[in-house]
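The numbering of the sequence shown is my numbering, which starts it at 983 and goes up by one.
These are calculated hints, taken from the structure and not from any lab test. Among the clues, some could well be false.
[Stated by the list, open to error] EDC-like mimics (lysine to aspartate or glutamate), calculated; alpha carbons at most 16 Å apart, straight line:
1) Lys1274 x Glu1307
2) Lys1106 x Glu1052
3) Lys1132 x Glu1262
4) Lys1142 x Glu1184
5) Lys1032 x Asp1082
6) Lys1296 x Glu1244
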Amino acid sequence: MRGTFLKETLVAEQTHRGCIRRLLLCFILETLWDTSAGQIRYSIPEEMEKGSFVGDIAKDLGMGPTALSERGARIVSKGKKQHFALNVRTGSLVIEDRIDREELCAQSSQCLLYFNILESNKLKIYSVEVEITDINDNRPRFLAEELELKIGELTAPGTKYLLESAYDRDIGVNSLQGYELSPNHHFSLRVQSRAGGVKYPELVLERALDREEEPAYYLMLTAWDGGEPVHSGTARIRVTVLDANDNTPVFTRPEYTVNVPENVPQGTVLLTVNATDADEGINSRVRYFQVKIPGETSQIFQMNSETGELSTLKNLDYEGAKFHEIEVEAQDGLGLKGRAKIHVTVIDANDNVPEVTLTSVTNSIPENAPPGTIIALFYVHDQDSGDNGQVLCSIPGDLPFKLEKKVDNYHSLVTGRTLDREQVSEYNITVRAEDFGNPALSTDTHILLHVADINDNPPTFNQETYSAYIQENNPRGASIYSLTAHDPDNEQNALVTYSILDITFPLESPPLSSIISINSETGALYALCSFDYEQFREFQLRVTARDSGDPPLNTNASLTLFILDQNDNAPKILYPAYPMDDSSGIELAPRSAEPGYLVTKVVAVDADSGQNAWLSYHLLKATEPGLFSVGLHSGEIRTVRTFLDKDALKHNLIVVVTDNGEPPLSSTVSVTVMVADSIPEILSDLSSQTSSDTQDDSLLTFYLIIAVAVVSCLFFAFIVLLLAFRLRSWWMLQVVQSARNHVGAVHSSQFLGIDGVRAFLHTYSHEVSLTTDSRKSQLIFPQPNYADTLISQQSCEQKESPLPPQSLLEGKNEQALFQPLGAAVH
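Using the sequences provided together with the hints, build the complete structure.
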C-alpha cells in the first residue's frame, strides 16, 4: 500500500507541472481578450508572493511604461485591504499582499477582485478585474482526530453507522473526492453522496463482535482530494464493544489451601480469593460470599464481600480443630455465580507457657546446712505438643544451688554448697521453665530463701592494739575513749558486751574500780578519777568483747592510755634556799666589781614537762633599778654597771620565775645583795647607820600596830562568815535527809562527771623579824619571801568527789574545807 502511495505522488507532481503551463497560456489569452473588449481582466492563482507580477497594465491601457507616473495613475479600491499595487516605474501591476482565496471567497466556485485605476491628470477611470484561481493548498480535515463508536457485542452483522465527514476548503477537483478505511475483518466502509455531490462515509458491521475476545477495535479513516498533488486527512476510529452479561465469574483456582498458626491475632487476613468475570461494567463486578453451613466454621471466619479477603473472626485453637473447610461463592451484578473451596490447616503454635506447680518449699535453712539439702520440689507441665511442649528448667549460674530432675517432670531445688549468711543473708531464687518453641516461652517462679544465722563469728575489733591520749586533771566520769567490735552474725549472736580484763600500771596498781570503767553495751571508757601526769604517764588495759551466742565467742584488744601533761605546777625555787634558822644569808658583791660581774644565780625547777617546764627569769623589783640584771634563761644575777659611792650598801632584788605553760605559772624569790669587800666592813658600815635606823624602827613599829588591827578585823569577819556557813550546812543536811529515800538507790557511777563545789583558800604570809641586841649589835636581814602566784591543782587522791561526803552533809568535818587566815609578827 505504501509503494502505491509513493507512485501516485510522483504521478501527481508531473501532472502539476503540466497544469501550471496550461494556466499561464489561458491567462495570456484572457488578458488579450479583455483588453480588446475594453475591460482589463487578469487571472492569477492564490498564494502568490508579495511583489509577484500580475500584468503589464500600462501596455494593456495603451500607454507607455512611464505614462502611469506622468498621468498620476493610482489604484482606487472599495475594500479595506489593498491587494494590488502599481509599479509606476515599469508600468506593471504587482501583488501587494498574499491572497488566500478561501479567505476571500470561501467555497464559491469563482473568486473575483475588482478595483479601478484613476488618472489624476485627466480624471479618467479604468476598471480592472482579477480572478483568483484555486490551488490545492488545503488538505481534507476531520473535526476530531479520533472518532468513537460504541457497539454492543450482540449487534447483528450488516448494521450501518454514519461516520463524521471530512471537509476541504478547496473547490473543484482540489476539494474532497473520497474516503478509504484501513483493512480489518469486522468492518467495511460505504461512501454515500448527497445532493450537491457531498460525500459522507458509513461504517458497516460485517461480522459479529465478542467483547471478551476483543473489547475494542481501532480503525483509520482517510479522506483524499483530487488536486495535484493529492492531499489527504485521517481520523482514528475507536470502536468500543459494549458488554453483555454472557459470562459467569470464575475463580483463579478451584481450591485454595492456607496454613495458619493458631496464635494469629483476631482479624488477621489469611488469604484473598479472586474471581474474574469476562464481562465488564456491572456485569463484571464480582462480590464474594461464604456459603453458610452448619457448624462453627462460619463463626470463626469471615469473608470480605468486596475484596475477597478471608480473615479470622475468632482466635484459632489447634487443640480444638486442626482443619477447616470453607466454601466461597462469587456472584456478578446480574446474579451469575461461581464457587471454590478453601482448606485452612491450623498449625500448632507455641502459645502456652510452661506451668510450674510448687509441691513443697522451705523458706529458711541454717547457714551450716550440708550440700544437697532440698529447698523446693515442683512439677512442670506445658500444654503444647512436640518441641513446644518440651521444657527445660534452669536457675542463675552464680547461685549456690542446683536443680535435680526427678520422675514425671518433677524437679527439686537443692543447695550446691555450704551457705554463709554473713556474705548473703537471703536469696531470691528465680527458677525459669522454658520450652523449645520458636520463639521460646518461659515462666519464672521466685523462691525467697532466708539463711538462718549460727554463731560462727566472734566479735572483731578493727585493731588489736589501740592508743588513746587524755589530758591530766581530767574531770571525773569523763569519756576518754570508745572501743567498738563488730560481729557479722545476726540478732543475739551479734549482741556484743564489753568488759575490762586487767590493767597494767608502771608502778603499784591502784584498784581497777577506782581508775576506769567501761560501758558494757557501747564500749565507751570513763575515767573514775582525775589523772596526774606527775604520778604516772601511761597505763595499759585489755578489753574483751563477747557476743551472746551459744556458745559465746569473744575477742580481746589492748589499749594504751597516755596521760598528757598540763601546766599545773608552778616553778620551785631551789636556790636561794629558804632559811631554816634565824639567820639569813647575804650575797656579797665587791665595790670594785666590773659590769657583768656574777653576783649569784637563781636556780628553779618545774615538775611539769615539755614547754610547761621551760623557765624564764625576770627581775621584778630592785632597790636600784638598772644596777643588776637577771639572765632570761640562766637565772644569773649580774651587775650592769660599776658601783658608785652614792649607791646603797644593801640591795633587795625580787626575781620572778615563769614557766612556758598555758596559762603560765610563776614563783618569786627575794635576794639581798650587800656591797662590801669583806664582812667586817659590812658591820662597820651598819654601825654608823644605827642611829638613823632607830628612827626607822619606831616608824616601823607604828605600821606594825596598824597591820595587827587590820588583821584582827579580818579575823572577826571570818568568824561571822564561818557561822553563816555552819547554819547553811545544817539547813542542807535537813534537805538531804528528807530526800535520802529518793537518792539512796541511785548507784554512785551515775554521778560520774558531775563537778562538786571546790573551795580554794589563798594564804598570804607576812613575816617581819626585828632583833636588837645591844651586846652584839647584830642585825638579822629579812629572810627571803616565797609566794606562789598561781595555786597548783591537787592530784586525783587529794581532789574532792563529785558529791559531798556524808560527813560533810552531817556537818562533822567543816574544818576540812576551810583553813584559817593568819599573820605572824616576830
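Evaluated hints:
1. Lys1274 x Glu1307: Given that 16 Å is the threshold and the Cα spacing comes to 12 Å, the pair holds.
2. Lys1106 x Glu1052: holds, 14 Å
3. Lys1132 x Glu1262: Roughly 14 Å separates the two Cα atoms, so the pair holds.
4. Lys1142 x Glu1184: holds, 6 Å
5. Lys1032 x Asp1082: Cα-Cα ~12 Å, so holds.
6. Lys1296 x Glu1244: Holds. Lys1296 to Glu1244 sits at ~11 Å (cutoff 16 Å).
Every hint, counting from the list given before, is met by this structure.
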